[in-house]
Every structure is written in C-alpha cells, then in structure tokens.
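Chemist: These protein sequence lines are chains A and B, in that order. Quick note on my numbering: the first sequence kicks off at 19 and runs consecutively. Quick note on my numbering: the second sequence kicks off at 1362 and runs consecutively.
Since the hints were made in silico from the structure, they are not lab data. The structure displayed is predicted, hence computed values, not measured ones. Glycine is no exception: its CB is placed at the ideal position from the N, C-alpha and C atoms. Don't take each hint at face value.
Residues from chain A that face chain B, not an exhaustive set, calculated with beta carbons under 7 Å [said to hold, decoys possible]:
(1) Thr-22
(2) Arg-25
(3) Val-36
(4) Phe-106
Derived pair list, reagent style DSS-like, types lysine-lysine, alpha-carbon separation capped at 27 Å [stated by the list, open to error]:
(5) B/Lys-1528 with A/Lys-147
(6) B/Lys-1528 with A/Lys-153
(7) B/Lys-1523 with A/Lys-147
(8) B/Lys-1528 with A/Lys-66
(9) B/Lys-1523 with A/Lys-66
(10) A/Lys-147 with B/Lys-1527
(11) A/Lys-66 with B/Lys-1527
Taking CB as the label site, the calculated pair distances span [unchecked claim]:
(12) B/Glu-1406 with A/Ser-51: 42 to 48 Å
(13) A/Arg-24 with B/Gly-1507: 40 to 46 Å
(14) A/Gln-142 with B/Ala-1504: 18 to 24 Å
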Amino acid sequence: MDETDRRLVNRLQEGLPVSRRPFDEIADTLGLSVDALLERIQRLLDDKVLTRFGPMFNAENLGGALSLCAMQVPRDRYDEVAQQVNVFPEVAHNYERDHSLNMWFVLATERAEQAATVIAAIEQATACKVYDLPKQEEFYIGLKLAV
Amino acid sequence: MMRYQDALTDTAQHAEPIDAVDRQIIVATQAGLPLVAAPYDALAEQLGLDVNDVLARVAAMQASGIIRRIAAVPNHYALGYTVNGMTVWNIPDELISEFGRQVGSLDFVSHCYRRPRHLPLWPYNLFAMVHGCTQQDVDEKIAVIGALLGDHCRGHEVLYSKRILKKTGLRLKG
C-alpha cells in the first residue's frame, strides 16, 4: 500500500454520499481520475485489504435481529459441534475463543422472533446449552481502522 | 427440523419495514456496490428502475438507519490489526449507561454493548471489542479502559479469538 492507498482506505471507511457520481469528490481530493480511483478500490478488494465496499446494512432496522451466543463445547466434540452450528444459515460469524465458553457465534435473523427458534434448534442439534447474549444497549459500533 | 422450518416460514409473514423494490436493491447490493463512476445508474439499469427512484430509496434507507453508511469494510488482519480481543466487564447496572458511553467513545473500541449476565457462569454485562497491531498495544488499550472504570469494575476478562469457524455477512434471500 502506498500513501494514496492509505488515505483512500481511511476515507472510504467514513462513507460516501448517495449521489449519481459518489466517487468524484474523493478522486478530486486524492488527485486521481475517477477511473484510477476505481481501479485502486478494485485492487484493494482483490488483495483483501478491504473485505467489501457498499451499503452497510443494519439487521435490527430491517426488522431482524443480531444476537451473540456462546456455548461450552466439550473438547472432544468441538469440530463436530462447529459443523452442526455452521450449517445454520442464520449463523453469520462463529469464533473459537480461549475460555470455558469456547464457541461464540452471531445469529442474524430476518425477524427478531426467529432467534429463539434457531437457538432451540441449535441446542437440539448439538446437545449443548446456548447462552443467549442479545444486546440490551448499543454504545458504539463502527471502528475506523487508521492505516 | 420440520418444526423449525415451519416456524421460520410462519414468522416471515409479518409486516415488512421495506417493500419489494427496497428488498431488490438490498439483495443487489449486499455483496457490494457496482465499482463504476455512476453506480446507482448501473444498479437502476440492472433492476429496471429509474435512477432517481433508486437514489431516493437508498437515501431513505440511510435516513431510517437500515443502511448505516455507504462505505468500505476493511480486513483487520490485512491492515496489521492482528490482535483482536473481546473485553468483558462487570459493571453495576445503575452505572452501565454512563460507562458504556465513555468506553464506546474511545477511538480503539469498535463495538461496545450492554448484554445480559448469565450467573454464576457469566457475570459480565459490558462488552468492548479492542483491536491492535501487537499484544502490548492491546494490553495498553485494555489498561486505559480499566483505568476509566476504576473501582466500579468488579471483574473483567479478555477473550481472544483462536480460530474463525465461519464468517459471512447479512444475507437476505432474493
């Protein structure tokens, strides 16, 4: 990444206007043509420096829900349970963490009331208790990673 | 498994906060916005809509918070932020809103939420994700949170991720 890439990554995290030519202002600020700017964004995506570029949707405001869930999974069944959990399309992220609660996943459902149904189905499939940790208050979301 | 699928179908009948055209726009852009100089024109053409209608709908979804912003999502690891800790804190309930706001306003905290305790196993009610380039960097940031909470904190832990088991985004069915 060169200095222009760094400025571009920082700027792109802040958000673009909703307009017919949303890249013009950034291109101008960075002293690039719009085509050169778009090529850089595509390269940053291809190199996996950026995972995605576009609208960032909020599941809650779509009527759905995101919930964090944790499980205590026995060591000898860990990979089997991971597969049983990951098979659910509502499981968006799943991480192994270093704790007695050693599996942490995020459930994304299109309707808030579906979360309990999915949790019950996961408990039935895995024979592990799911600790449901829905957010009760949001203080901040959306780090800008400075580069 | 049948009962589970039936229950999902049943709850999908409820009133929608978006209409069918909004939904088309979401489905068409959830993998990303077209990387062209006039992306909403491209989107309008793809969906057979008027570009002004597309712009108005995207702006309305942003105003109502369905879209947080039109932006890039960086890969933490590729940018050198390889140490990512989920810090969890046990704060008296009557103080959590104030301390949650203060912790959430720290520039190195990406997500900050109040979540329920599950006693006795899980006494923590404040979650803050902390990202850094080195372990020392993250340790110093966690110490800043600890100092901010002071004696009001009755215990904390940091859970580091050992392995990503799955990672996908929000996926609406088309």
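Chemist: Hint by hint, say whether it matches the structure.
Modeler: Quick rundown of the hints versus the structure:
Restraint check, A/Thr-22 versus chain B: the minimum CB separation of about 15 Å is more than 7 Å; hint violated. Here the hint on A/Arg-25 is broken, as its CB sits about 13 Å from the closest CB of chain B, past 7 Å. The beta carbon of A/Val-36 comes within 5 Å of a beta carbon in chain B, closer than 7 Å, and the hint placing it at the interface holds. Interface hint at A/Phe-106: violated, since its Cβ lies 9 Å from the closest Cβ of chain B, which is beyond the 7 Å cut-off.
Restraint check: the Cα-Cα separation between B/Lys-1528 and A/Lys-147 comes to about 22 Å, which is no more than 27 Å; the hinted pair holds. Only pairs whose Cα atoms come within 27 Å are accepted, and B/Lys-1528 paired with A/Lys-153 is accepted, the gap being roughly 20 Å. For a cut-off of 27 Å, the pair hint linking B/Lys-1523 to A/Lys-147 stands: about 21 Å separates their Cα positions. The hinted pair formed by B/Lys-1528 and A/Lys-66 meets the criterion: a straight-line CA distance of about 14 Å does not exceed 27 Å.
With a CA separation close to 20 Å, the supplied pair B/Lys-1523 and A/Lys-66 stays within the 27 Å bound. Simply put, A/Lys-147 and B/Lys-1527 have alpha-carbon atoms about 20 Å apart, close enough for the 27 Å limit, and the pair holds. A distance of roughly 17 Å separates the Cα atoms of A/Lys-66 and B/Lys-1527; the hinted pair therefore holds under the 27 Å criterion. Look at B/Glu-1406 against A/Ser-51: about 23 Å separates their beta carbons, and that is not inside 42 to 48 Å.
Between A/Arg-24 and B/Gly-1507 the CB atoms are about 31 Å apart, so this pair departs from the stated range of 40 to 46 Å. The supplied range of 18 to 24 Å is broken by A/Gln-142 and B/Ala-1504, whose beta-carbon atoms lie about 43 Å from each other.
Going down the numbered hints, you'll see the structure goes against 1, 2, 4, 12, 13, 14, while the others check out.
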